[in-house]
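On the provided structure of chain A, position chain B as indicated by the hints.
Take a look at the letters that make up each chain.
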Amino acid sequence: MSEHKTDVPYGTLDLLILKTLDTMGPMHGYRIARRIEQVAENLVRLNQGSIYPALIRLEEQGWIRTQWGVSETKRKVKFYSLTRAGSKQLNVAVANWERATALVARFLEAQS
Amino acid sequence: MTLRFAARRLLALFRKRRLDGELEGEIRAHMEMAELDAIASGLSPEEARREARRGFGGIEPMKEEHRDQRSVRWVENLLRDARYGIAALARDPGFAAVTIGLLALGIGANTAMFSIVDAVLLKPLPFPAPERMVRLWETPSATQHNNTTTLTYLDWKRQSDIFEALSLEESFRAAVAADGDPVRVPGKMVSAEYFQVFGVKAAIGRTFETGEDQQGARPVVVLSHSFWQARFGGDRGVLQRDLALDGEPHRIIGVLPAGTFDRNEARFWKPLIFKPEQLNRRQHWLRVIGRLRPGVSLEQAQAKMTLLRASLNAVIYQKDWGFTVDPFAEMLVGDTLRRSIYLAFGAVLIVLLIACANVANLVLAKGATRRKEMALRAALGAGRGRLIGQLLTEGLVLCVLGGVAGIGMAYLLLHAASPLVAASLPFTADLSVDLRVLGFAAAAVMAVLILTGLLPSFQTSFGKLSGSLNEAARGSSGSRAAVRRTIVIAEVAASVVLICGAALLFKSLAKLQQVDAGVRIDHVITMSTDLPATAYPTAESATTFFKAVVERLRSVPGIEQASVSIGLPLEGVRWGEFLSLPGVKEGLLVRVKMVDPWYFATLDIPVESGRGIEDRDRAGAPPVMVLSQEAARLLSGRFGVANPVGRVVGSYLPGYGPIPESQVNLQIVGVIRNERTSRLQSPLEPVVYVPLAQFPRQDISLVVRTRSEPLGAMSGIREIVRQVDAHLPLGEVRTMEEVKERSMRWAKQPTWVVGAFAGVAALLAALGLYGVVAHAVTQQRREIGIRMALGARPGDVVSSTLRSALSMLLVGLAAGLAGAFALTRALKSLLFEVSALDPVSLALACVVMTLVGILAALIPASRAARVDPTTALRDEG
Numbered sequence: 001m002s003e004h005k006t007d008v009p010y011g012t013l014d015l016l017i018l019k020t021l022d023t024m025g026p027m028h029g030y031r032i033a034r035r036i037e038q039v040a041e042n043l044v045r046l047n048q049g050s051i052y053p054a055l056i057r058l059e060e061q062g063w064i065r066t067q068w069g070v071s072e073t074k075r076k077v078k079f080y081s082l083t084r085a086g087s088k089q090l091n092v093a094v095a096n097w098e099r100a101t102a103l104v105a106r107f108l109e110a111q112s
Numbered sequence: 001m002t003l004r005f006a007a008r009r010l011l012a013l014f015r016k017r018r019l020d021g022e023l024e025g026e027i028r029a030h031m032e033m034a035e036l037d038a039i040a041s042g043l044s045p046e047e048a049r050r051e052a053r054r055g056f057g058g059i060e061p062m063k064e065e066h067r068d069q070r071s072v073r074w075v076e077n078l079l080r081d082a083r084y085g086i087a088a089l090a091r092d093p094g095f096a097a098v099t100i101g102l103l104a105l106g107i108g109a110n111t112a113m114f115s116i117v118d119a120v121l122l123k124p125l126p127f128p129a130p131e132r133m134v135r136l137w138e139t140p141s142a143t144q145h146n147n148t149t150t151l152t153y154l155d156w157k158r159q160s161d162i163f164e165a166l167s168l169e170e171s172f173r174a175a176v177a178a179d180g181d182p183v184r185v186p187g188k189m190v191s192a193e194y195f196q197v198f199g200v201k202a203a204i205g206r207t208f209e210t211g212e213d214q215q216g217a218r219p220v221v222v223l224s225h226s227f228w229q230a231r232f233g234g235d236r237g238v239l240q241r242d243l244a245l246d247g248e249p250h251r252i253i254g255v256l257p258a259g260t261f262d263r264n265e266a267r268f269w270k271p272l273i274f275k276p277e278q279l280n281r282r283q284h285w286l287r288v289i290g291r292l293r294p295g296v297s298l299e300q301a302q303a304k305m306t307l308l309r310a311s312l313n314a315v316i317y318q319k320d321w322g323f324t325v326d327p328f329a330e331m332l333v334g335d336t337l338r339r340s341i342y343l344a345f346g347a348v349l350i351v352l353l354i355a356c357a358n359v360a361n362l363v364l365a366k367g368a369t370r371r372k373e374m375a376l377r378a379a380l381g382a383g384r385g386r387l388i389g390q391l392l393t394e395g396l397v398l399c400v401l402g403g404v405a406g407i408g409m410a411y412l413l414l415h416a417a418s419p420l421v422a423a424s425l426p427f428t429a430d431l432s433v434d435l436r437v438l439g440f441a442a443a444a445v446m447a448v449l450i451l452t453g454l455l456p457s458f459q460t461s462f463g464k465l466s467g468s469l470n471e472a473a474r475g476s477s478g479s480r481a482a483v484r485r486t487i488v489i490a491e492v493a494a495s496v497v498l499i500c501g502a503a504l505l506f507k508s509l510a511k512l513q514q515v516d517a518g519v520r521i522d523h524v525i526t527m528s529t530d531l532p533a534t535a536y537p538t539a540e541s542a543t544t545f546f547k548a549v550v551e552r553l554r555s556v557p558g559i560e561q562a563s564v565s566i567g568l569p570l571e572g573v574r575w576g577e578f579l580s581l582p583g584v585k586e587g588l589l590v591r592v593k594m595v596d597p598w599y600f601a602t603l604d605i606p607v608e609s610g611r612g613i614e615d616r617d618r619a620g621a622p623p624v625m626v627l628s629q630e631a632a633r634l635l636s637g638r639f640g641v642a643n644p645v646g647r648v649v650g651s652y653l654p655g656y657g658p659i660p661e662s663q664v665n666l667q668i669v670g671v672i673r674n675e676r677t678s679r680l681q682s683p684l685e686p687v688v689y690v691p692l693a694q695f696p697r698q699d700i701s702l703v704v705r706t707r708s709e710p711l712g713a714m715s716g717i718r719e720i721v722r723q724v725d726a727h728l729p730l731g732e733v734r735t736m737e738e739v740k741e742r743s744m745r746w747a748k749q750p751t752w753v754v755g756a757f758a759g760v761a762a763l764l765a766a767l768g769l770y771g772v773v774a775h776a777v778t779q780q781r782r783e784i785g786i787r788m789a790l791g792a793r794p795g796d797v798v799s800s801t802l803r804s805a806l807s808m809l810l811v812g813l814a815a816g817l818a819g820a821f822a823l824t825r826a827l828k829s830l831l832f833e834v835s836a837l838d839p840v841s842l843a844l845a846c847v848v849m850t851l852v853g854i855l856a857a858l859i860p861a862s863r864a865a866r867v868d869p870t871t872a873l874r875d876e877g
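Chains as they are written, first to last, in the numbering used here: chain A, 1 to 112; chain B, 1 to 877.
Keep in mind the hints are simulated off the structure, nothing from the lab.
Predicted model, so just to flag it, every value in this text is computed and none were measured.
Hints may contain errors.
Said to hold, decoys possible - Covered by chain B, per the in silico footprint, the following chain A stretches (three or more residues, Cβ under 8 Å):
1. 43-52
2. 98-104
Stated by the list, open to error - For lysine to aspartate or glutamate, the following EDC-like pairs were computed, each having C-alpha atoms within a straight-line distance of at most 16 Å:
3. Lys74(A) - Glu32(B)
4. Lys76(A) - Glu32(B)
5. Lys16(B) - Glu60(A)
6. Lys63(B) - Glu35(B)
7. Lys507(B) - Asp838(B)
8. Lys74(A) - Asp37(B)
9. Lys511(B) - Glu833(B)
10. Lys188(B) - Asp699(B)
11. Lys16(B) - Glu64(B)
12. Lys88(A) - Glu72(A)
13. Lys201(B) - Asp262(B)
14. Lys748(B) - Glu738(B)
15. Lys16(B) - Glu51(B)
16. Lys740(B) - Glu571(B)
17. Lys123(B) - Glu330(B)
18. Lys511(B) - Asp838(B)
19. Lys76(A) - Glu24(B)
20. Lys74(A) - Glu35(B)
21. Lys188(B) - Asp262(B)
22. Lys319(B) - Glu586(B)
23. Lys76(A) - Glu22(B)
Positions of the beta carbon are idealized from the N, C-alpha and C atoms, including for glycine.
If we strip away everything but chain A, and leave its shape as in the complex, we get:
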């Protein structure tokens, strides 16, 4: 475990999952976790298990849906995909995130 790894920023895991499903299409839990790790290029420390509570939360919000499929190991697993409400929510979340980071960035600039 390298020292410079950070935790996933609070509240952003949902955004990461939505974005992943948006670009990659339907995936099962393990692939989603691996994809996030790969994109983050080991910059974040992700407990892969923590995506499951996030997935059920997103499902109950109606932003993602599940379908049964077969994994590479020939096991029956859930495949998650984005719903229409989910893609809308992704846009909102991205916009919120950009606004927040822009605000913080501007704030930091002004201070320096």
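What follows is chain B alone, placed relative to chain A:
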């Protein structure tokens, strides 16, 4: 969306096990794939497993969080919203009190009314397999039901392959000694199988056994639970004791369970033992009930009875009469009662709707002040569903509080109303707040929640939220005001429907009260008694008693007139017979009253022609008869008898005690003015009067006319009767006014119930109108201020405010009248000599609603006129 959201949470809660299993599977698949990947990257299987575990993180905490995510959050939300809702209500106690009060009123009245509907119309009878209970009749025509004769009853009894039990029932009253003075207690004479028909067993002891209704059986009696409590103080040793009925001891063999039979009029039951003279097919005197054997359908029973009827054709006198089997339950509830109950329930539902409309209006008005709060919360990230969820939860708090208060109110209402209405309901109806009623109350709460909660929710949170933040609080939103006005219009319309109904019913009642009963109503008191066969075995002993009582009563200074008769005005005449003219085959069916020579004078019934009953018409003298005008009219109409006085007619009249009726020829000696013998709304019946001295009976009534307040004379009357017979109790002591009241009870109760609901509805609608106008005035203070500053006079302001109120009223009136035209038809059968579209009543209803509405609008309008332009403009400028 919010519904789907809530449903998912709810399902998740119930499907915990399945979801846990699914998660377990996902974790296993995840681990396998992670291991495979790790092996592919060159790790040993052992290391790969460790690596997979490490990458996954803590499994148990994750599962815990997974469960939290899918189940707990909505519960938490609900609790938080409920807490918030209660806090919000506590902050605005006025709003809370008014809303909860309105809901309690609506839900309470509905719940109480539903309890009556349920007990009388919906619930199965409180007996085992009630669908097998039947009532048996002889039927002269498809619509008429008649009692049967002893021999026919015994024939029915022989059809025991379809009946598990068959019994007759005959109401009577007996003198029961209580602390010295005897009292008249209602009871029933029944067959031994009576309680098997109901499927009821004794709580103490037993009910009747086979053979106890046969000649020579020992006299026995079964008591109701309440009578046992009242008369014997609940003594368990009562089975060793006797109850003296009319002086004759009866061994107490059982006490019925508490409940249903305590609501029955009868306090005790004894076997009816036929006397030899009663074994005939002439006297239609028996009411018969039965219980079908299991598996025997009503149709099969009816078919059997029809067959039996055909086989008896040789011995039955009434050749065209059939035998009919009816469900017992059907006969308990008459059409009038059923209609009245539905009517009252309909009325109370309208009241509930109006109460809901008012609450929705209040919530909407409150919602206006909360728009900013909602917009703020939305801006902070609360989802629309979340906001609606919050509003619904707040509504739920209101409705649940209103519902609980409503159930309490229903309980109180039932408590207060049941003694008043019990007499109109069948004894099987148990009015109580039971689980079914509570279920109804819960359903009503849910319905109210949907009605009052959803609309304001959508209004509040679906409006443009960002706009709300900028909008000044004083500006009234156009769409919201329109919704509120529509609600008020609907309230006015619904009230108008109710007021129209009430106006029609009251007019009908007034008409009914104006009907001339044909007898004197004031200063007349009536009472009944039965001469026990033991003390009065012969006709002579009875006539001696009649004479003695009347003579002594007439000598009392406070008493003007006194008489003895069979039956009282307005209470129906039990005896019906055919009059036949010599040489004419067809007969005229008339009601027969036995009266003494003073009956007409006591009740102020004038003799129109010929003479009345006189003292000379005694036993032994030629039998005579006096006709009512109606009987005379029918006689002349049907048989062309222009002047009946002097004619001789034949009829069958009963003998004294068990002696059956026999053919008698009577001479018509006079015609008297019509007396109303049954309920005031029914058509006049043809009545004939025969001398009591010639046709004495045991079930007599005393009619006494007094000089002063009639109830004051009662102690004197009792004393006189005691002097003649110390053991004879007087019962059903009623002034003629009470008799008249009782005969109108069927019309009065629904009228007052609908009237009360209409009053409540009008008040609620007025409240709604007031609310909307007051709100508008508050919101338009600035505008009003400007107009007044520009020279408008207070009068202008008042009239413009009233104009808007009037426009709502008028639209509501129009809609209400349309509704009334459609709905008052349902009242038709309850109205007496009033058309269901009576223009006077409908107009009156409109005037009442308009006046109430204007009054409600005047209060805020006058406040508008007092707006001080300078303050109004400075305040919010």
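Okay, the hints, checked on the actual structure:
no. : hint                  : verdict
1   : 43-52                 : holds (count 5)
2   : 98-104                : violated (count 0)
3   : Lys74(A) - Glu32(B)   : 10 Å, holds
4   : Lys76(A) - Glu32(B)   : 12 Å, holds
5   : Lys16(B) - Glu60(A)   : 14 Å, holds
6   : Lys63(B) - Glu35(B)   : 21 Å, violated
7   : Lys507(B) - Asp838(B) : 9 Å, holds
8   : Lys74(A) - Asp37(B)   : 15 Å, holds
9   : Lys511(B) - Glu833(B) : 7 Å, holds
10  : Lys188(B) - Asp699(B) : 15 Å, holds
11  : Lys16(B) - Glu64(B)   : 12 Å, holds
12  : Lys88(A) - Glu72(A)   : 31 Å, violated
13  : Lys201(B) - Asp262(B) : 14 Å, holds
14  : Lys748(B) - Glu738(B) : 13 Å, holds
15  : Lys16(B) - Glu51(B)   : 30 Å, violated
16  : Lys740(B) - Glu571(B) : 9 Å, holds
17  : Lys123(B) - Glu330(B) : 13 Å, holds
18  : Lys511(B) - Asp838(B) : 13 Å, holds
19  : Lys76(A) - Glu24(B)   : 12 Å, holds
20  : Lys74(A) - Glu35(B)   : 14 Å, holds
21  : Lys188(B) - Asp262(B) : 13 Å, holds
22  : Lys319(B) - Glu586(B) : 14 Å, holds
23  : Lys76(A) - Glu22(B)   : 10 Å, holds
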